[in-house]
Structure formats: C-alpha cells, structure tokens
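Visitor: One-letter residues, chain by chain:
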Amino acid sequence: MTVPGHSEKNQEGRKVAAETDRKGPEWAAGLKQLYNSVVEEDLPDSFKDLLDQLDSK
Amino acid sequence: MSADQPKRSAADKVAFKRELTEVVPHLRAFARGLCGRPDMADDLVQETLLKAWAAQERFEPGTSMRAWTFVILRNAYLTDMRRNRFRGEYDEMVAERILTAPAGQEGPVHLSDMHRALLTLPPERREALLLVGAGGFSYEEAANICGCAVGTIKSRVGRARAALSSMLDDGDIPQRSIEDMRAHRAILQELDDVAAGRGQTQPTKAD
Chain D
1 MTVPGHSEKN
11 QEGRKVAAET
21 DRKGPEWAAG
31 LKQLYNSVVE
41 EDLPDSFKDL
51 LDQLDSK
Chain S
1001 MSADQPKRSA
1011 ADKVAFKREL
1021 TEVVPHLRAF
1031 ARGLCGRPDM
1041 ADDLVQETLL
1051 KAWAAQERFE
1061 PGTSMRAWTF
1071 VILRNAYLTD
1081 MRRNRFRGEY
1091 DEMVAERILT
1101 APAGQEGPVH
1111 LSDMHRALLT
1121 LPPERREALL
1131 LVGAGGFSYE
1141 EAANICGCAV
1151 GTIKSRVGRA
1161 RAALSSMLDD
1171 GDIPQRSIED
1181 MRAHRAILQE
1191 LDDVAAGRGQ
1201 TQPTKAD
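Chains D and S are the protein sequences, given in the same order. Per our numbering, residue 1 is the first one in the first sequence, and the count goes up by one each step. Per our numbering, residue 1001 is the first one in the second sequence, and the count goes up by one each step.
Only chain S is shown next, with the shape it has when bound in the complex (with noise of 0.2 Å):
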C-alpha cells in the first residue's frame, strides 16, 4: 500500500493487460497446484483476475507481474478454504479424485501420483512447494507472495519435499480406488483440521 501513484498513463494500462494477460496460463498453473480439480482452479483464476483488474492502480509498473498477481489468488484460496467455501466441494473432490477412479460423464480426471501427492499436504507447505519448486520463485519472493519469514518458507518447503519423497518412493500415496479408506480418513482428517482452522492456515505462524 503506496502512497499517492502517479496516475496511470495510457501506456501503462495497455502494459497493465497485456502483462495480466500472460500471466494467466501461470495463474492457472499455481490454482490447478493449490485446488487439484481444474474447474475449482480455473474459478479461483478468474476471481483472481477480477480483483487484479480492480487493483490495477496498486500495481507497480516494472515489478513483477507474476508475484503481485500470486498473492491475490493464493489469499483469495486461503480465505475461500476459511470460509469452508470449498470444503463441501472440497472435501468430496479431494476425496473423490484421488481416492477414485475416474467414471462417469465429466470423463477422467486423471491426477498423476505428483498431483495426488501434493494435495495431500496442508495448503501453506503446498503453495511454499509450488512457488519454489514449480513457479520460479527464489525463497525470498515465495516469502514475500505469502506474507512470512524467508526461514518459514525453508521449514514448509523442506517438509513438503520431505513428505513428498517418502510418498512417491515407498509408492505410499492414496490409492485410486476408494477401497484404501485409510488414506481417505486421513485425507479427509487433514481436510477437518484445515477448514477448522487447526491446520496452518496463518501466514506469519512458524511451521
């Protein structure tokens, strides 16, 4: 939050949308990460969207696009899961399409052993992975996108990378078939706890 921007020229406008424009495909690269099912991500970019178009007199020219927008899709993601928004969705999506083989009209929903993997872990050390891993980010700039200490985005990520390896080497994710129901109640475990806000859905707490 700036002071008085100069006012925006023309120039800077056009610049504004074409630069809103790229970012899209990255946007929804960053949503599909987060919310696992594309429908869900590709809403939360459109939200996301919106609300940089309407913030667009806040944008720094020659800063980075890509950081400024990430912040406004992952807080409208965070505050989404707090409001449980998507959590009648989400827990049966999550559910659903992990632990289920894909049927039915929408056709499959094939989610790779990566994928499930990685929405199995709680939303703060899935985005932390995403940003550093996927995104590009430095750890400073993944700190700054989520609002903590360049030492918290370290823990996350090593965490993430940790439970992540030992998932994809010992084979050990949630099956796809609803069969392996203790991998669904601890997914839908984790679910509880998140949408309680038990899980770690502050920004500035250590993890």
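Just chain D, same shape as in the assembly (with noise of 0.2 Å):
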C-alpha cells in the first residue's frame, strides 16, 4: 500500500517502497533510532509482573 508522500515513487518500483515502509522514510532516520533504542531495552520486571498477573484478573 503506498500513501502519497510516505512512500517514495521511484523507478524501483513497489519493492523499494515496501522496504522503505518497513524502514521508515529517510528523513526519519534519527527519530527511528531514538525510538529503536527503546524497543531494544530489556523489559523492566514491573512490565512482566504485570503481564503475568494479567491472566489471573
């Protein structure tokens, strides 16, 4: 699915924008850093005690 102005249009064709969905827009590339190293970070235990207790409610 390509949406006006997120995927580029290129002679590369549908391949190149599915890929730069995946990844993001170029312009982004400082934002998605920021954000991947969050997502990387170990979980704290207060999140895994939490979705543990969450099949007992």
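In case anyone wonders, no lab produced these hints; they're calculated from the structure. Heads up, a few of these hints could be off.
[Said to hold, decoys possible] In silico EDC-like pairs for lysine to aspartate or glutamate, Cα to Cα no more than 20 Å straight-line: (1) 1017(S) to 1060(S); (2) 1154(S) to 52(D); (3) 1051(S) to 55(D); (4) 1013(S) to 1057(S); (5) 1051(S) to 1039(S); (6) 1154(S) to 1140(S); (7) 48(D) to 1022(S); (8) 32(D) to 1169(S); (9) 1051(S) to 26(D); (10) 1017(S) to 1047(S).
Taking the hints as your guide, dock the two standalone chains into a single complex.
Guide: In structure tokens form, the structure reads like this:
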C-alpha cells in the first residue's frame, strides 16, 4: 500500500517502496534510532510482573 | 465499537496475551517519545496495558495490535495532559530534564539532541511525527490512530519535520544548562498553552 508522500515514488518499483515502509522514511532516521533504542531495551521487571498478573484478572 | 462480537475462544485469549506482550517494547518507545521521562512513560504504558486487557473483547483478532494499543496509549496521554495530571510534574520535568545537566541520585538522564528537540513540539505534532517517522505507520494508519483526517496528519508531520530540522540544523535546541532562560520560558509557555487547552489538543482540529 502506497500512501502519497510516505513511500517515495520511484522507478525501482514497489519493492523499494515496501522496504521504505518497513524501514520508515529517510528523513526519520534519527527518530527511528531513538525509537528503536527503547524497543531494544530490556523489559523492566514491572512489566513482566504486570503481564503475569493479567491472566488472573 | 462493533456489534456483538463472537465469544472469544481460549485460543483467541492466548493469542491476545502473546500479541500484547510483544507490543510492550513498542508502547514503551512511543510513550518515551511522547513523555520524555522514562518513569512517566512506563506508567503510561502500564495504564495502557491494563486498559487494553480490560477491553480485549473489542480487539478484532487479525488486526494490528500495535495500532489498537497505540490508540489507547495516546488517548491516555492526551487525557492526562488535559487533566493536567502530568503538568506539575511535566513542566518541571521538561524544563529540568531538557535544560539542566543531569545530576544527583537518579543518575544521568541523557536526552539526545533529537529527543530534546522532539519534546519542544506540540503533542499532536510530536505524536504524528513519531507514528509516521518511527512507528512504521502509514499516514492513513496514523490518521486512524489520532482520529483525524489524513491531510491533518500530513500537515502536522510536515510542520514537525520543519521545526525539528531547523532546530537540529541550526543547533537551536534548548541547552542543557539552566542558564538558557529564553528557551526555558518558551517551553513553559508552550506547556501552559497545551495544559490550558490552547494548544492543539483537539483531535479533529485542522493543523
């Protein structure tokens, strides 16, 4: 799915557009890095505890 | 809000739990971009998980857990902002964390230039930028999450990008030292505006 302005229209076709969608727009590399750095953090115990407790609710 | 959902099978519940667990790191990342302070961001995510769990009957299996939970999180964030729940902490937090050199018992809270610049943006532009730039959502998906038109998202992203570029390119982001009072005042004014509802907190407002 291409959205105007989000995936660059180019001659290389949809495959590159799809990769852009997955990796995100070029201009957002810094943002992506910021975001990914948090995604990659170890999950604090508080979250594991919460998730474990959910089943019993 | 669909019509009567078919009763959830045990398999659905297991799948829901698994997918919810998998999305937690992404919720933390989105919340951290919105809030700045890791402990407040994590509180927001915990609140989101509890709400998501309580509302699981409304989740359509097969749809995006990430999109669904991001809606819950951003609504919780904006509600808390409107209620000024974060405010006393928030403006102090923002001013302190952005502007002061980290010190003391908690240890350094190092916010990158990018993050500090991001936090100066109004919440709706910040969330739009995070969703489209970092969260992997299309403009349409982001519009659904934010409850606004696609054009509004594009406008917000465009302006946020411009503001961010300008700050980062010119090096004109709030300094770490509290001596930069001009930036300090600007940020607090922005926060006052948002907290008082003069900011862009209405989801459908054209931006």
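Visitor: Taking the earlier hints as the rules, which of them does this structure contradict?
Guide: 2 and 9
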